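Colleague: Build the complex: two chains, separate frames, hints provided.
Quick note, the sequences are listed as chains S and V, same order. Final position of the first sequence in our numbering is 314; the numbers increase by one with none missing. Final position of the second sequence in our numbering is 428; the numbers increase by one with none missing.
These are computed hints drawn from the structure, not numbers from a lab. Being a predicted model, the structure only gives us computed values, none of them experimental. Treat the hints with caution; some may be incorrect.
As the list claims (entries may be wrong) - Cross-link-like lysine-lysine pairs, in silico, DSBU-like; alpha carbons within 30 Å at most: (1) 36/V with 195/S; (2) 131/V with 164/V; (3) 183/V with 195/S.
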Amino acid sequence: MPEPLFGLKHLFGIADLTREQIQALVDLGDDFIDINTRSVKKAPTLRGRTVINLFFENSTRTRTSFEIAGKRLSADVINISASTSATKKGETLLDTGQTLAAMQPHVLVIRHSVAGTCEFLSEFLDNTALINAGDGSHEHPTQILTDLLTLKRSMGDIQGKTMTIVGDIAHSRVARSHMLSAKIMGYNVRIVAPKTLLPAFVENYGCEIYHDFDEALQGTDILYMLRVQTERLTTNCYFPSLREYHETYGLNMKRLKAAGDHCMVMHPGPMNRGVEIATDVADSMKSLILEQVEHGVAIRMAALTALCGGATEE
Amino acid sequence: MTDILITNGRVIDPANNMDAMCDVWVEHGQVAGVGKFDGKAKVTIDAKGLIVCPGLIDMHVHLREPGEEWKEDIESGSQAAVAGGITTICTMPNTEPCIDHAGIVLQVIARAKEIGLCNLRPIGAVTRNLKGTELTEMRELSRSGAVAFSDDGKPIWHAGVMRKALEYSSSFGYLIIQHAEEKQLTDGGSVNEGWVSTQLGVQGMPVEGEDSMIARDIMLTRRTNARYHVAHISSKGAVEQVRLAQKQGLKVTTEAAPHHFALTEDEVLNFNADAKMSPPLRTEEDRSAVIEGLRDGTIEVIATDHAPHHEDDKRCGLSCAAFGIVGLETMLPISLDLEREGVLSMSDLIAKMTANPAKLLNIPEGSLSQGNAADICIFDPKAEWTLDREKLFSKGRNTPWHGRTMIGKVVYTLKDGRVVFEQGTIIV
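The shape of chain V in the complex, shown without the other chains (with noise of 0.2 Å):
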């Protein structure tokens, strides 16, 4: 007999373009169908009104296990993303200490295991210890389960070191992940340089410091033939550089976090460090662009930057705060303005949410397809509710959204066939 019987809800899986009022059925922790269900099952959930996609995927996430757990350990962060209907988390490297050798690799897998929730699959670093100078032993990182490569956090800044990581990467087919960030223009700063740092008297971060780092990868990308993707962009001049580099048949792509298409540095002018990141929050005219960049697809992937802090870093003046904010929580909600707002449709939404990031990664995830995993998320697209950053899962206080209404709501997860959140509680 058939486990659980999703039935009554719109069914939205990209990676098969399906858009359609259907059941979907689960079996033994997997998709057994997706369709007209016509038999018996154990447990069934009352989809109405309701749309069922697959589990979210999110490939920009730091939990602080190991090395920080105050901030965020894997359980918390498996809570928060469950949530907020994600069932893969790919976490970036720079944990204490960091995820570049495979022991830690396997380590925060088999955790996250134990915990159950959602998978987790790690970004290995680029350069041991992220210092920027030595390669990591990616092909064993990778036979350990890491997914892609990345320092970030930091960029990998040393214009050779990145020649050669592209180079040895691109021979197996890895994909590496910058932060792209030219520290010499931006050392110090803490909000986008513009109008709005200097009547903070706040030093700012150019824009170009992003704009340039991207420049010169896209040329070490052309040199290489390599896969280049840039993590959480932020700026018009970084969105066209993609879009160009695309036009020309290279391995260029990019994510936006929800923070980077919803805000802009308006937000930092009360010196409000749950508005402080990095990249940081830019202007209306980089918003819009990035918001264009979804739309025409030159940003395939939205990833959060899910960046716990423990409120003693936030907590000490804007210019001293740590970058960052928490989003696994509050990304589909944000994310579902851009349908809302005619910029993508439902299912094109969700695929940047679940198929464009499984290929990108190369991994199972993010379809509905018959045997596969049932990772399933259940959301009420119109639901009301008032975030409240005390109720987080997530350990980090540090959101720019408390107080504020979102208009998008899970209501079930499941993992692996199980309920793993239902109506605001995680079932362990």
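Chain S with its partners taken away, still in its complex shape (with noise of 0.2 Å):
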């Protein structure tokens, strides 16, 4: 196996991290966007590995993204979706680790809507390098890297700036992500939802909480907004209604005014527009969600050659 680079056999969570991994993976990331602009879009570092994409949960970006980031390093690139209903009939989650593992590939990339998944399928696979894309309401690191890079080259220092994330902070994976990340590289989250939407003890992460949107906006650098599930948000009584709660959460061009002519627009996507997020808003000057997707693949192309693009013996 190639020897992994940063001290990185996993990649399960930000929690597992330390500021220098981060570091080093953002800025390999950086170094990657270049090859994504170019006309020939092909770079040999991972000749001869081997990446499965295996998502049990639907994916357009994150999947496309992983499976970009591995063709362009020209690793071979194998995409399986399963559905997580099949599991109880058919084939266990185990064994179809425990299968494709058996074929030998340098990466397992998984998304599955419980958590954990990556953490309890390492226990029983040993030569495969696992890549948690998003593990139910867990964590989703490689999203968090997209926004680092993505902050980092368009405000530069991170440090110290505040970003306000809104919305399903409950079941959300990227604001968990987010949170454990600002305290290890220094900048200030405050969170904004109504109770029902956020988990138990949420200031244990060290961020600010707030249920008034507008009350979060003065001094804010950055806002994140959380795609609602709409089908989830007024069938489990979280919020009334969705006219409701664009008045009360989604980002419109007044508040995004108020927040100040510094303040930029994240936002992880898919998007519902005319709910969390105002078409204007959206796509404004101050939206740096487009960025987010470029930089994404180019961070995959980080994580993925931190896992098995390093030297190998043979």
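Modeller: See below:
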């Protein structure tokens, strides 16, 4: 197996990373941006490496992003979409993992609705590096590394900046990973949500909690809007209606202006226009949303390189 | 001539206020005497350095027979019981079919007798098919051998049905055991709701799920003057409510499982499915409250909630894994920590696994009274061993204590005057 870089065996979550490791991944991602803008988008870095994308949840950008990242670095990339509902009657998660690992890929990229899927599988898979591409409401490390790269390029040093995350914090792996990353990297996180959308003891992350979006705007450098799971929101009484949600927690031009001219807007996608974010905001000059997508490819190139791009013995 | 003499041991028989260095002798399967033996015995067991007590009672056990024998059957469950010094187990009715009519009661008792390792005293269902809507024929179930009633695994969720169950059962002095869990609050949850569930990104089960149902039930118990027992109590709020109800003279009792006084929610921080059960492991504050409840007598019984599962049902990620852990073979060593930490005297601790559950269930076991069946547990309170889940007699491998050091080991278990377990071996 190739020697992993930065002391990384797997990439489970931000919680397992040091400041130096995060910095190294972001910097490596920064170096890869260039390849993506060339006319010939190919480098030999991962030639001879096999990457399997195993996605149990629907995903367009993350899966495509990993696929393109692997292909541009000359890895052999295989995509598998499995339905979680099939796990009960069909093959178990563990069997699927062991079956694919037996084909000797270097990296398995996994998205699953069950939190801790990578941690669980790693106990049984010895020679395969695992990347968590989102596990339940637990972590989504490559999204956070992507955001850090985007912020590095648009604002420089993120130290001391304030990111205000708005929406369904309770079910958001992105919010959790950012709250962990903020502590490590030295930025502030404010979270904005009604109590129905906050997890227990969220204050233990060391973030500021707001229920009133307008109160949180002042002093915010980055407005980070979370996707609303529209079906979940009203049927489980998390919120009375999408209309009231947009009114209370949606980002419109008025709020963006109130936050100040320096404030930038991010969203991990996919967006619900007119719910958590107004169309004019999403398309404004302040939006970093497409940069996030672009940098997502570079960060996944960095993650794959870190886990399987090192020197080999052969 | 006396069949078996147990000599040189410290005999602790809480039902008879006995804690002394003396002999116990057995004739015709019964306890023939406790005191200074003077005569000849066919077999002598030297219990030097050991504690001799009544065979333990575990009033909260899930065996999976009939229906799910690949998880556990009455034979493997009986073996696990006597390996843990337990000679009487009360089995919960959530088998398949469930224990909601007399035929199944008779069937499981007969099967346990055939195996002949321990007493099986079933707990009958409160509602037909555990559906929570219609009452079972409790009179008939009781006559057939059911010692209490419960829908355990599920709560008796409907307040009106619970009221009727308490009224009807108390007309005949029966005990209702409640799995207190308001599902409207806990559905979809895997672990205690709190900082741990937040960090894991796993849906939590709030403590109010347990507390609110107990509050409701205690109100109904007050109205009906029924006998109400809270299964596997796990929260501070629940202990406080039971304590208050007892002070007010209500017939409210409870039990605690070793995992709830030995472990906290931190056990699941690494997504360990073998530490997932319902009610879940809770906070240190809750754990301390359960220990305080054991100390001051609010919690009279220690019972395991032994819940064997197949590995396939546990190895699928934390939120998909089945609820429950095995407990029969770890009840004694884990509980002995309470004595070592000064929470309970040895006698009070043993009472919670012998005399107290026997009294609650109105069964003859749990004492060394002369003429009683010679069900006896002989254990070394100081022996250290390492728990290896592959060596359990239970078919279940789902224990959070795998690899940990246990202090306290069962050396002999006697059932009806026959040695059924000796130095790690089952004797058929």
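Colleague: Does residue 195/S lie within 30 Å of residue 183/V when you go C-alpha to C-alpha?
Modeller: Holds, at about 21 Å.
Colleague: Taking 30 Å as the top limit, are the C-alpha atoms of residue 36/V and residue 195/S close enough?
Modeller: violated (68 Å)
Colleague: Could you grab the alpha-carbon distance between residue 131/V and residue 164/V and see if it respects the 30 Å cut-off?
Modeller: Given that 30 Å is the threshold and the Cα spacing comes to 15 Å, the pair holds.
The structure shown violates just one earlier hint, number 1.
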